[in-house]
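A.B. asks: Sequence:
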Amino acid sequence: MNSVPAPPTILAVANQKGGVAKTTSVASIGAALAERGQSVLLVDLDPQACLTFSLGIDPEDLELSVHHVLTKGTAVGEVIIATDDGVDLLPATIELARAEADLLTRTGREHVLRGVMEDLQAAGTHYDWVLLDCPPSLGVLTVAALTAADGVLIPLQCETLSHRGVGQLLDTVHDVRRFTNRDLAVWGVLPTLYDGRTNHARAVLDTISETYELEVVEPPIPKTIKFAEAPAAGRSILATSRTSKGAEAYREVAGALIARAAR
1 MNSVPAPPTI LAVANQKGGV AKTTSVASIG AALAERGQSV LLVDLDPQAC
51 LTFSLGIDPE DLELSVHHVL TKGTAVGEVI IATDDGVDLL PATIELARAE
101 ADLLTRTGRE HVLRGVMEDL QAAGTHYDWV LLDCPPSLGV LTVAALTAAD
151 GVLIPLQCET LSHRGVGQLL DTVHDVRRFT NRDLAVWGVL PTLYDGRTNH
201 ARAVLDTISE TYELEVVEPP IPKTIKFAEA PAAGRSILAT SRTSKGAEAY
251 REVAGALIAR AAR
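Numbering (this note's numbering), first residue to last: 1 to 263.
Hints are not guaranteed to be accurate.
To be verified - With a straight-line Cα cutoff of 20 angstroms, these simulated EDC-like cross-link-like pairs (lysine to aspartate or glutamate) come out:
1) K245 to E35
2) K223 to E248
3) K223 to E159
4) K245 to E229
5) K226 to E248
6) K72 to E110
7) K17 to E159
Said to hold, decoys possible - The following label-pair restraints were derived from C-beta to C-beta distances:
8) D206 to A6: 34 to 40 angstroms
9) G255 to S209: 31 to 37 angstroms
10) G196 to A75: 42 to 48 angstroms
11) T125 to A203: 17 to 23 angstroms
Calculated from the structure, these hints are not laboratory results. Since the structure is predicted, the reported quantities are computational estimates derived from the model, not experimental observations. Quick reminder that beta carbons are idealized off the backbone N, C-alpha and C, glycines included.
Modelling step: build the complete structure from the supplied sequences, incorporating the hints.
C.D. replies: Set out below in structure tokens:
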């Protein structure tokens, strides 16, 4: 008798504020999980397609993308691409901006991504992890991601203003729990662009965990130019700058997430 593989751990990486290293975190955590022998699918849900581009794929060259899976019923297996970082990608193109409008009028739109994940499992495609790179908004696509996810990780720049949006995101999480996914767990805040030399950065971290009673996923991801260089090479920092502090920090975060998933 064939045993059915366990479903993947689905983690939404979300913050409606842009510029918090969300996409960098998805690419780097994905690569770090793959280094540990985990099979990983990354899903680009941002119409700007930054994740797709940063993994060395030009969105303009793609005929099929996550847009076709969500709105046209294209089989997800036809769209997934293998990348040089050892992770698979469900890519995005600018067409995804239309998906938001297309889905608005659709019944059950919140469940559209969960259905795709179930189809993947039913087709016998197994991943240990699926990471969802949410768009920088709290629209239909983010709600669909939260509805499909087991947990949500909130990357947060260690600056005063950046944590004002956390409350709004947590309100959305609360609504999703009430209406579409009662099992959604907040896995915590991932501090990014962290400058350990300033007291301010550490103070912001402390306020966040106190104000929102959220776990802080350690270690904080340091601010480094190496992150800016990686997407230009079409790889994650784990490939372009293997021994850098940033790469090491993401490896530790991946270890912490594996431990969290086992809880």
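A.B. asks: Indicate, hint by hint, whether the structure satisfies it.
C.D. replies: Evaluation of the provided hints:
In summary, the hint linking K245 to E35 is supported, as the alpha carbons are separated by about 17 angstroms, within the 20 angstroms threshold. Taking the CA atoms of K223 and E248, the gap is near 13 angstroms; set against the 20 angstroms cutoff, the hint holds. Pair hint K223 plus E159 holds up; C-alpha atoms about 12 angstroms apart against a cutoff of 20 angstroms. Proposed proximity of K245 and E229 is supported: the alpha carbons are some 14 angstroms apart, at most 20 angstroms.
Distance hint between K226 and E248 is fulfilled; the C-alpha atoms sit about 12 angstroms from each other, no more than 20 angstroms. Between K72 and E110 the alpha-carbon distance is near 16 angstroms, which keeps this suggested pair within the 20 angstroms criterion. Between K17 and E159 the alpha-carbon distance is near 12 angstroms, which keeps this suggested pair within the 20 angstroms criterion. Taking the beta carbon of each, D206 and A6 are about 37 angstroms apart, inside 34 to 40 angstroms as hinted.
A beta carbon spacing of about 20 angstroms between G255 and S209 contradicts the range 31 to 37 angstroms that was offered as a hint. Between G196 and A75 the beta carbon distance is about 46 angstroms. The supplied range of 42 to 48 angstroms therefore holds. Between T125 and A203 the C-beta distance comes to about 45 angstroms, which lies outside the given range of 17 to 23 angstroms.
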